[in-house]
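Participant: Okay, here's what each chain looks like letter by letter:
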Amino acid sequence: METVIPKIIRRTSPYLRRPKANVTRMMRDVTIALLPVTIFAIYKFGMAAVMIISVSILSMMAAEYIYYQIVDKLDDEKFKWKNKSFTLYNFSTITSGLIYALILPDATPWFVVMIGAVFGVVFGKLIFGGLGQNIFNPAALGRVFVLVSFGTLMVFDVDTVAGATPLGVINDDIFNLALLSDFSIMNLFTGMAIPGSIGEMSVILILIGGVYLALRTSFEVRIPIAYIGTVALLAGAVAIYKGISYEYVLFHVFSGGLIFGAIFMATDPITSPLTIPGRIYFGFALGFLTFIIRIFGAYPEGVMFAILIMNMFVSSFDYYKWTNSKITKRQKIIFSIVVLLSIAVTLVGVSYV
Amino acid sequence: MIKKSKKVKDYKLLTKALPTLRYLDPHSVFIHLQNSRCKTYDVSVKEGDRVLFGEQIGVRHGGFFEQPVHATVSGTVGKITKKLHRTGRKVDVIEIKNDFLDTPHESVYDRPDAIIEKMTQADMVEIVKEKSLVGLGGSGFPTYIKLGTKEKINTIVINAVECEPYLSSDYRLILEHPEEVITGLKYIMQALNVDHALIAIKSMKNPLYEVLTQVLEVRFPELNIQVVKLGNYYPQGWEVEMFEQALGIRVPPGELPTKYGIIGFNVSTTVGVFDAIKHNLPVTKRHFTITGDAVKFPQNIFVRVGTSVKELIDVCDGFLDVEEDIVIVMGGPMMGTSVTTSDVVVSKTTTSVIILKDIQYKEEQCVRCGSCVYSCPTHLQPVQIMNAVKRNDKDVMKGLNANECIECGLCAYVCTSKIHVTDYVRKAKKLIG
Chain A
0 METVIPKIIR RTSPYLRRPK ANVTRMMRDV TIALLPVTIF AIYKFGMAAV
50 MIISVSILSM MAAEYIYYQI VDKLDDEKFK WKNKSFTLYN FSTITSGLIY
100 ALILPDATPW FVVMIGAVFG VVFGKLIFGG LGQNIFNPAA LGRVFVLVSF
150 GTLMVFDVDT VAGATPLGVI NDDIFNLALL SDFSIMNLFT GMAIPGSIGE
200 MSVILILIGG VYLALRTSFE VRIPIAYIGT VALLAGAVAI YKGISYEYVL
250 FHVFSGGLIF GAIFMATDPI TSPLTIPGRI YFGFALGFLT FIIRIFGAYP
300 EGVMFAILIM NMFVSSFDYY KWTNSKITKR QKIIFSIVVL LSIAVTLVGV
350 SYV
Chain B
0 MIKKSKKVKD YKLLTKALPT LRYLDPHSVF IHLQNSRCKT YDVSVKEGDR
50 VLFGEQIGVR HGGFFEQPVH ATVSGTVGKI TKKLHRTGRK VDVIEIKNDF
100 LDTPHESVYD RPDAIIEKMT QADMVEIVKE KSLVGLGGSG FPTYIKLGTK
150 EKINTIVINA VECEPYLSSD YRLILEHPEE VITGLKYIMQ ALNVDHALIA
200 IKSMKNPLYE VLTQVLEVRF PELNIQVVKL GNYYPQGWEV EMFEQALGIR
250 VPPGELPTKY GIIGFNVSTT VGVFDAIKHN LPVTKRHFTI TGDAVKFPQN
300 IFVRVGTSVK ELIDVCDGFL DVEEDIVIVM GGPMMGTSVT TSDVVVSKTT
350 TSVIILKDIQ YKEEQCVRCG SCVYSCPTHL QPVQIMNAVK RNDKDVMKGL
400 NANECIECGL CAYVCTSKIH VTDYVRKAKK LIG
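So the sequence lines, in the order shown, correspond to chains A and B.
With numbering that gives the first Met the number 0 applied, the first sequence corresponds to residues 0 to 352, in that order.
With numbering that gives the first Met the number 0 applied, the second sequence corresponds to residues 0 to 432, in that order.
Simulated from the structure, these hints should not be mistaken for laboratory data.
Errors might be hidden in some of the hints.
Beyond 10 Å from chain B on every Cβ pair, some chain A residues (computed) [claimed, not checked]:
id, residue
1, PRO35
2, LEU57
3, ILE65
4, LEU206
5, TYR211
6, ILE342
Part of the chain B face toward chain A, derived, beta carbon under 10 Å [unchecked claim]:
id, residue
7, VAL321
8, VAL382
9, VAL395
Derived Cβ-Cβ restraints for the label pairs, each shown as a range [to be verified]:
id, chain 1, residue 1, chain 2, residue 2, range
10, B, GLU323, A, PHE110, 54 to 62 Å
11, B, ASN400, A, ILE308, 24 to 32 Å
12, A, ILE207, B, LYS393, 43 to 51 Å
13, A, PHE110, B, ARG390, 38 to 46 Å
14, B, ARG88, A, ASP74, 37 to 45 Å
15, B, GLN359, A, SER53, 31 to 39 Å
It should be emphasised that the depicted structure is a prediction, and the values quoted were computed from it without experimental measurement.
Cβ atoms here follow ideal geometry from the backbone N, Cα and C, with glycine treated the same way.
Chain B on its own, in the form it takes in the complex (with noise of 0.2 Å):
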């Protein structure tokens, strides 16, 4: 098959029209102490401390910003073990007790709405730091320095598209929460000082469109929010082609959106603004999705961060069949990462664990059909970069950009001769640096 091809099956009807259960209670959670942006940390508190919902437990040290750890139920706190982290590392976790009572710590309160009205955007700049809030929507870029821009901005793009197969919980957490998300980029509109914001979401999900609006226009009508429906197709999440499709602006590959005067954040994240801001609360529970053609119940749950995975696939009463091989992934199945072990934990950045069959693909002799030419949305030549690699010519490598690739793996998908085309251009990136 030649021809150019952005559609991916999408699987989201295991999921999409499942409400959000609540699994708020593990009997312990893990927080973890390091990321894949931050490598060291100090804590503050030590085994068999009690500690309170919402309590700053320790900090983790990034390259060039900080990062405060809160404790997300209120317990004691255990050891500090090693757990795999959603980047297939393993980090050092922190386990604190349940103790069931939640008990608030004196941080989280309330802020009335007089207060946020008179919030200059150092002011939220500020909270949003302290409560360590970061791209939810698995970028883990710390948000604060985002909403810090000092570029003027014209339009705030919400992102929530949510291209990447499978994955539900954006789209629940729109339809049972329209209030919270908007309220949260009524904040982000205030900080940057915008009049005008874009919802995206995908021309498909109707739902979230009719709930969107109908909030719009009963709650908020003093705000210049537009819901707009983009296009059906992969990856229409990635912000470029996002604010391309929404705006008619390219932002070309190595210069950051504001300085086009558009700033885009994801619908997660919003929510986490909303929270920081009207709860003082750090991200301490999340909408998240188990999924996939393995697992035996797919359901969206609401979870404690630090909960493992797991108690989670437990609640969805296991696995489908033990006796078939699985691939357990977190993050969405085109870019997500495949991890060895169910004994992941959930962070703030993941939105979903994938359990699929093992399928061993057969690959055959490329044919160059072209479709991955075609089909790729940075335009890049996948099957050239796959033929540098294999010959390991660097020049070509650098002379076809591969440094530009975004891995959306949409070329492994469109791939006639099922070759793992993606892998290659990862190859050729790590080659050149």
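With the rest of the complex left out, here is chain A (with noise of 0.2 Å):
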């Protein structure tokens, strides 16, 4: 008897891959993780919030679709109303629209949310080959840009102390504590009663969204951590430098959109470097950064300037000649040398201030 032999495939080893995983799973977790910062910046700001949101992912959407189509015309590929590299099916787009409308201060006017959308998806995404391929996270772009572009017309609504923020408050005199009788560090915590960017302020829940992303292992949680604890490490040493309370480290990492930049946009695995030490010491960099940006710059805010500028440093993490899945000794040295020699530039720098 002659057994009937289906159709053999030669494939090549291994032939299995784990079940349940998928970009789109990754992605959506971010998503549904935001969600309570989402519904608490529209419960607090209502239609302004409902407003910058829609605008905000609709026009990414929009942005990325028409680029596509563009693309795929120069191509000559044949128009079809479903386009293959669009990436809406897999939440990338809507994840980055919905951060990035976060971090806008609520006030924004619409066409100020739409023109940072559209560009920070085409320059900080498309331009460089889509999902995967960006160099610089598309949120901070858009707000960088819409920032340095139409700064004056990015305000603050709630009128607390007349639509200025913890720190653009404490910007001009950096070690008077005085200055922020305004806010306590409760408030600070809970979002309550605080003006800022419309989905940064309740501490609480970014937390909340941030233990479910590392429930579902959804981020590297090593970066959120070495970056906060860098920015209470240097705030803890200037403190004990300047003989000034607690409240000030609390005070610095609890403010200006440094939590939820920590754990929705350094985390972005696309622009962060692919090892477990290099995650680390980028978190450290980055937490460098921002304090460097917050007492020294000009802007009183350092966390979107800090992940776009180690954005572009996250290749040389990765070198070929120095990049290693593990932690050597060596690497223990190096790096607890430059977090002493961070804390002595930030306190000789405070010196003069």
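The two chains are supplied separately, each in an independent frame; assemble them into the complex guided by the hints.
Facilitator: Next up, the structure:
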């Protein structure tokens, strides 16, 4: 008896794949983690938040769709309504759009939102070849673009202290904690009665999102820990040096979108290094830059700038001559020296302010 | 999902609990005259000759060693044809038509224990060499070279981890013949003059632990052999990983474990040593698994070396669905070779055939999640090697030590974007030679 043999396909090993692992799941998790913050933003700012979020997401999606249709046209491909490269299907554009919206001030006019969104997605992502190829975080790029181009329009509408954020208040006199008497640490933590970008205020809700992502292993938890830890460390050193209260540390950690940026933007895997040590050093560098910009820079806030600057250096973290997936003894020594140096640099700088 | 992930879904429940069937009387067997290490051969019999079970019928020539070829049934010699080997290449095979008498050759006899006890390392190496025993876990490396090592060995580690998913032939072998495993190990200990040995199993395989410790306590109380339970992850069965977990010694890439006083043998090889020394028998039969999600009744089968896999698939009642495309894998599903026909032959070193439904995985863009970097057992950076291959940058491939890759397949398994990373690393290894 001759048995019928099905068609035999030749493949290469391995023949199995991890079940339930895919890009869509990862991106969707980020969107879900952002939901508490989004709902809080809508609760607090009402239609203004709805407007910013919807304009941001829609214009990013539209920009990407039109971009890919043009690219296909240039490649002489037949026009199809459903575009093959369009990444709406795996949530990545929605995630970028949502993050971008949540880091905008609540009174941002709709055309500014749109311009930033289109700029961010086209020059932050599409121009490099789309998802997986981008060097810059599209949301951070869009945010910084509108900040430097439309700075006067980016006002905060909640009038606790005439629309100034905690970091804005303290920017001129950086060690005068008395100026911050209007912002209690508790309010910073819960996000009540604090002006700021629509999604960055409630630390507790952002942390809930972070815990969700950590449980789903959809992001690298070492980056935000290293990032926030570095800011706390430097702020602590400054507080001890200047002899001011420990509240200075909490104030730096809880304000200015540091935790939001650390959890949702610095951890974007596409724009962060590949190895575990690389990711820790990346988080440290972000923390150092953020703190330096905050206390020495002209702008009160440094998270977005730090993320964009460090995005450029990701490829040098991954340079093959020194990249290593384990932390070696030599790396430990060099890293400790760098940490000590950074504290020294900060303190020397502070003594001149 | 960004995480270090070494757990691989193991699917062993398909066959783990099934007793081993015996399929020892095929109409003909096909004996390989070439394999991955031996390219040329001489045959000392001709078509029509009658050969006996265990008789030497030829010799394979390798680079620095020779391997006698033995008949695995008694019967008449047929033609020399070409058939696929485990490695996916076509090689010459010689057919022996079974006469179902199983008449043993005069060289096959039971050696009395009294003689074995007096044997030296050289004696045992000679026997193992004559019986052309090789690493039966899949390496195919001649065992006599390992057994004849001049280095001082402190510990022997028997590899019974079987970390690849689906496979259960070693599991059944230990469960059904624990004495043979331990006696084989006893001979190896005698040859290498070592008084300490470990048998490494996965911690989830508790039945093996129980059966081995019981046999050790009751039958071999004088031997200093421990059964160690290692982690349940993949690739725990890779020698370097196994030594590290069992003994805490990490053998650097490119160095032999014997330098560190350790030597590893696969559990099937140990039984091969037992057969060679006790019964003066080459490897003629072996434990074999046919499993996968596209075969009707997965089975553990005890087969003659040289049996056609086609017949064994019939023993398993054929394919589940003849309409669906399948992949036939010789060896494990993580490292095995895909073959294009079911007309392959069970060689000494084949542990299993896995028949899987063909799944076309949809690759997405790499999102640099780093799971492959986190999971790589050799601490390489597969994604960076992949990018280097894409831009054909050989300096980077060398700088990232692509040649240290053991092709365990974990990087492609864990990939969030379902990219076949292992293939790229393999390409890199080929490019930098």
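Participant: Evaluate each hint against the coordinates.
Facilitator: Each hint tested on the structure:
1. PRO35: The claim stands: PRO35 of chain A keeps its Cβ more than 10 Å from every Cβ of chain B (closest is about 21 Å).
2. LEU57: The claim stands: LEU57 of chain A keeps its Cβ more than 10 Å from every Cβ of chain B (closest is about 23 Å).
3. ILE65: holds (20 Å)
4. LEU206: holds (19 Å)
5. TYR211: Fine: 14 Å to the nearest Cβ keeps TYR211 of chain A off the interface.
6. ILE342: holds (29 Å)
7. VAL321: holds (5 Å)
8. VAL382: holds (6 Å)
9. VAL395: Constraint on VAL395 of chain B satisfied, holds at 5 Å.
10. B:GLU323 to A:PHE110: 54 to 62 Å: holds (55 Å)
11. B:ASN400 to A:ILE308: 24 to 32 Å: Holds, at about 31 Å.
12. A:ILE207 to B:LYS393: 43 to 51 Å: Holds, at about 48 Å.
13. A:PHE110 to B:ARG390: 38 to 46 Å: Check passed, 41 Å falls within 38 to 46 Å.
14. B:ARG88 to A:ASP74: 37 to 45 Å: With a Cβ separation near 41 Å, ARG88 of chain B and ASP74 of chain A satisfy 37 to 45 Å, so the hint holds.
15. B:GLN359 to A:SER53: 31 to 39 Å: holds (38 Å)
Hint violations for this structure: none, all hints satisfied.
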